[in-house]
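If you read the sequence shown in the working numbering, its first letter stands for residue 1, the second for the next number, and so on.
One should not assume that every hint holds.
Unchecked claim - Distance ranges between label pairs, derived from CB positions:
#, residue 1, residue 2, range
1, 101, 81, 25 to 35 Å
2, 86, 24, 14 to 24 Å
3, 115, 31, 56 to 66 Å
4, 48, 91, 17 to 27 Å
5, 24, 101, 47 to 57 Å
6, 82, 106, 46 to 56 Å
7, 48, 24, 29 to 39 Å
8, 134, 103, 15 to 25 Å
What the hints assert, rightly or not - Derived SDA-like pairs: lysine to any residue, alpha-carbon spacing no greater than 25 Å straight-line:
#, residue 1, residue 2
9, 86, 30
10, 86, 62
11, 86, 54
12, 86, 46
13, 86, 72
These are calculated hints, taken from the structure and not from any lab test. Note that this is a predicted model, so its numbers are computed, not measured. By construction, the Cβ of each residue, glycine as well, lies at the ideal position given by its N, Cα and C atoms.
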Amino acid sequence: MAAAGLESLMDGLILARIRLRYWLKARLVFAAGLALILAGILCLCLSGAVVTGWWQGTLDAFGVGFVVGGVVDVLAMSGLNQFSRKSEIDREADTILNPAYLRHWKPGEQAQRAAALLDRGGNLLEPIQRENLWRVVRDPVPPAE
C-alpha cells in the first residue's frame, strides 16, 4: 500500500513539473514581448522629451519598431506555441487510444495517462478524443497478456 502511495506521489510530482514547464514557456514569451514593448515606449518617451536633432528620429524609429516587434512577437509565438501544443496533445491522445500499446502498460496506466491528458489538454482536444479518453478513464481496459 505504501508503494502505491509513493508511486502516486511521484506521478503527481511529474505532472506538476510538466505543468510548470508549460507555464514558464508561455510566461517567457509574454515577458520577452512585454520587454520589447516597454523598451519601445521608453524610446518614444525619450525621443520627444529629452533628445533633439537626428537622435529624435532614430529613437522614434527604434520605439515604433520595438513596440510593433513586441506585439508581433507575442502574437506569433503564442500562436506557434498553441499549434505545437495541439500537435503534441493529438499524438499523445492517439497513443493512449491505440489498442496496440495496451500490452506495454501496467494495469491502470492507460486510465492514468488519459486522466492526465484530459486535465492538461483543455480545449485543445477534439470532442471525439475527449469522449474516448473519458471512456478510458471510466472503464479502463485491462492490458493484453
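Hint-by-hint comparison with the structure:
1. Between residue 101 and residue 81 the Cβ separation comes to about 27 Å, which falls inside the hinted range of 25 to 35 Å.
2. Checking the proposed 14 to 24 Å range against residue 86 and residue 24 shows it holds: the Cβ atoms sit about 19 Å from each other.
3. As the Cβ distance of residue 115 to residue 31 is approximately 31 Å, the hint placing it in 56 to 66 Å is violated.
4. For residue 48 paired with residue 91, a C-beta distance near 51 Å fails the hint of 17 to 27 Å.
5. For the pair residue 24 and residue 101, the beta carbons lie near 30 Å from each other, so the given range of 47 to 57 Å is not met.
6. Between residue 82 and residue 106 the beta carbon distance is about 32 Å. The supplied range of 46 to 56 Å is therefore violated.
7. Under the hint 29 to 39 Å, the C-beta atoms of residue 48 and residue 24, about 37 Å apart, fit the expected range.
8. At about 23 Å, the CB distance of residue 134 to residue 103 agrees with the hint of 15 to 25 Å.
9. A distance of roughly 19 Å separates the Cα atoms of residue 86 and residue 30; the hinted pair therefore holds under the 25 Å criterion.
10. In summary, the hint linking residue 86 to residue 62 is not supported, as the alpha carbons are separated by about 35 Å, beyond the 25 Å threshold.
11. Proximity of residue 86 to residue 54 is assessed by CA-CA distance (about 48 Å); at most 25 Å being required, the pair is judged violated.
12. Annotation: proposed proximity of residue 86 to residue 46 is violated, straight-line Cα distance about 42 Å (limit 25 Å).
13. Restraint check for residue 86 and residue 72: satisfied, since their Cα atoms lie roughly 21 Å apart, inside the 25 Å limit.
Of the numbered hints stated above, those contradicted by the structure are hints 3, 4, 5, 6, 10, 11 and 12, listed in ascending order.
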